[in-house]
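Chemist: Based on these hints, arrange chain B on the given structure of chain A.
So the protein lines, in turn, are chains A and B.
Residue numbers for the first sequence follow the working numbering, beginning at 1 and rising by one.
Residue numbers for the second sequence follow the working numbering, beginning at 1 and rising by one.
Errors might be hidden in some of the hints.
As the list claims (entries may be wrong) - Some but not every residue of chain B turned toward chain A, in silico, with C-beta under 7 Å:
1) P57
2) A59
3) F68
4) M70
5) A73
6) L75
7) R104
8) T105
9) N106
10) G124
11) A126
12) A135
13) H139
14) D166
Said to hold, decoys possible - In silico negatives: residues of chain A with every beta carbon more than 12 Å from chain B:
15) T48
16) A52
17) R55
18) R80
19) K146
20) K148
21) A154
22) S203
23) E204
24) R240
25) W276
As the list claims (entries may be wrong) - Which bits of chain B does chain A cover? Going by a derived footprint, with three or more residues having C-beta under 8 Å, they are:
26) 238–252
27) 264–277
It is worth saying that the hints were derived from the structure and are not from the lab.
Every residue, glycine too, gets a C-beta built ideally from N, C-alpha and C.
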Amino acid sequence: MSQTRGVNGSAMFGLIDPDGSVQNRLPVTVEEMKALYADMVEARTYDTKSMAMQRQGRLATYAPFQGQEGAQIGAAAALREGDWVAGTYRDAALNWRAGYPWELLILGRTGDERGGQVPAGVNVLPPSITVGGHMIHAVGLAWAEKLKGSDHIALTSFGDGATSEGDFHEAMNFAAVFNVPTVFFCQNNGYAISYPTSEQTRSETIAAKADAYGMPGLRVDGNDVVAVLVAVREAASMARRGEGPSLVEAVTYRMGPHTTADDPSRYRDTDEGLEWVEKDPLTRVRRLLEREKSWSDEWHDELEVTASERIEKAVEWAEAVPEPTFEEMLRRMYAEPTQGLLEQLREGGDA
Amino acid sequence: MPEVNLAQALNGALGTALGSDDRVVLLGEDIGRTGGVFRVTDGLQERHGPDRVFDTPVAESGIVGAAFGMAVAGLRPVAELQFLGFSYPAYDQIINHVARIRNRTNHRFTAPMVIRIPYGGGIGAAEHHSESTEAIYAHIPGIKVVVPSTPRDARGLMLAAIEDPDPVVFLEPIRLYRAVKEEIPEIYYTVEIGPVRVERPGEDVTLISWGAMMKETRAAATELARDGVSVEVIDVRTLAPLDRVGITGSVAKTGRAVIVHEAPLTGGLGGEIAATISERCLYALHAPVQRVAGWDTIFPLKRSEAHYLPSVDRIVTAAHRTLEV
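Chain A extracted, bound-state conformation:
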């Protein structure tokens, strides 16, 4: 970490190579590593299940995150209870690891606003659907925590495409100017739908953009869950210490389509995807655990079974939620329905 501080993105920080080898002693125990792996398995199970459900017409459009589990689980694992998360439609793994229950994520994807009603104490905003507008929210959230004197921070997750939005500039600038505890976490997955990162910006890296705002920028191997954890934990610690915001660019790859409505064969080669299969965030941890003699097929099978059971249970729960009523739709607009909404309730209600 120390040798890459202040470099703002010209080097890439990593700890575990794709073949599972490590150069230095890892700052996590084997048990912690296994827990991260288990989380990634559970996330991938959710992702696979969601894709299948969408194909069956049981979910609205779905944005898969396959290939980005390392980035998302690593980042979320660096947070503490009470920290804020403002992420995107592709951040289900991150949101879940930060406390957003699977069943509500699924409920939301079935097309139900009640999926956004996270339990009390979970400070994860519902996924942002528009691109870019939510980064500044993490500035306001962090600013409020700073003014309240708490040591909670806010993390905002976004893609490479979002860095072209004007709101990226406003958010980065505000965060730096007011020195608020915000972590800007960019998952550079190579594409904004079809548009490659290489065309999105002429900056050498996304992390380099931090320079312009007077904050640290760090480029990390986004498929290395431990490296991401370490990088985001460092960014979060700085923020908690009152040292302000920073930008972490996790270099990763979206193995699947942009959404279930997208066809990646129109804009990228299959060969490119195969290269990234070799860098899969789960595979490298598996290889590492095998090297460490901490892997067993029984353990792995059990993980997969448990993950499947949990996701199935969440799906079952979400699909059993009664249909939302007309009245609920009108009543969630304001704390108290307005005169006009009450009239419309009478007009359009079943009664």
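Modeler: Structure of chain B alone, referenced to chain A:
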């Protein structure tokens, strides 16, 4: 009770809110050291500190988006945008985030915040400084839109807006900031967001207006009264949610309605109000509803302002048109 103008009333309300609720913070361009381009926040940073009243970089989307985050995290931010014509970079934040968070989380997260925006023409300002595009805000479900025309309402509505559990866009009529004065209580009081105010009771015709155009509407009522017409004047003051009951109650009584607004005619709130009247009290009408509005033009520069702004004469003429039938 001290006599204050509308800007002073707002300043007093913001000071009261800062003093009585620790969650209240103010943020915007030039609102601290200089007290805002219209001096509405004059002295507040000095009295309440730079940790309550923030000067921000020039970024409207950033101001509203940051205020949104603050509100979600439990503060009561009051954001200032300098002019309605400068508010559009923040429109995305307002329509896509501020207005929707309660809905998309089924009440779990909310954004109790106020977005103050000076609006309207008549002071010979530069381009983009004179807009009256309130209808594009009133059209957004999930927010409230308020516009006072008196110091008393300004104070009460501002304190109500800050207390409100939902986001409020608070439009401030630039032309009236220093043009209306009255004695108002210094105590904490609120004016309910929603109901219209019957400013002047009458029997023959209802004049319906809000914000800056209340000045000409009042003058027209005085002139009509001299001609022996009994005029009821309604200050709508909350544009969303619209008090349809209050408006149609008056029109059902007088049977005549003239709606006055500074915004261009087409797509203005006058259309919504006229439609409501025709839906609810058509048979009580003695004459067609009249609209006196801005022309369907870009708000002009100084030398053409008088061509644009609805005049007392136009309002009086429209009222007579309803009385001739």
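Chemist: Just pull the numbers of the violated hints for me, sorted ascending.
Modeler: 10, 11, 12, 13, 19, 20, 21, 27
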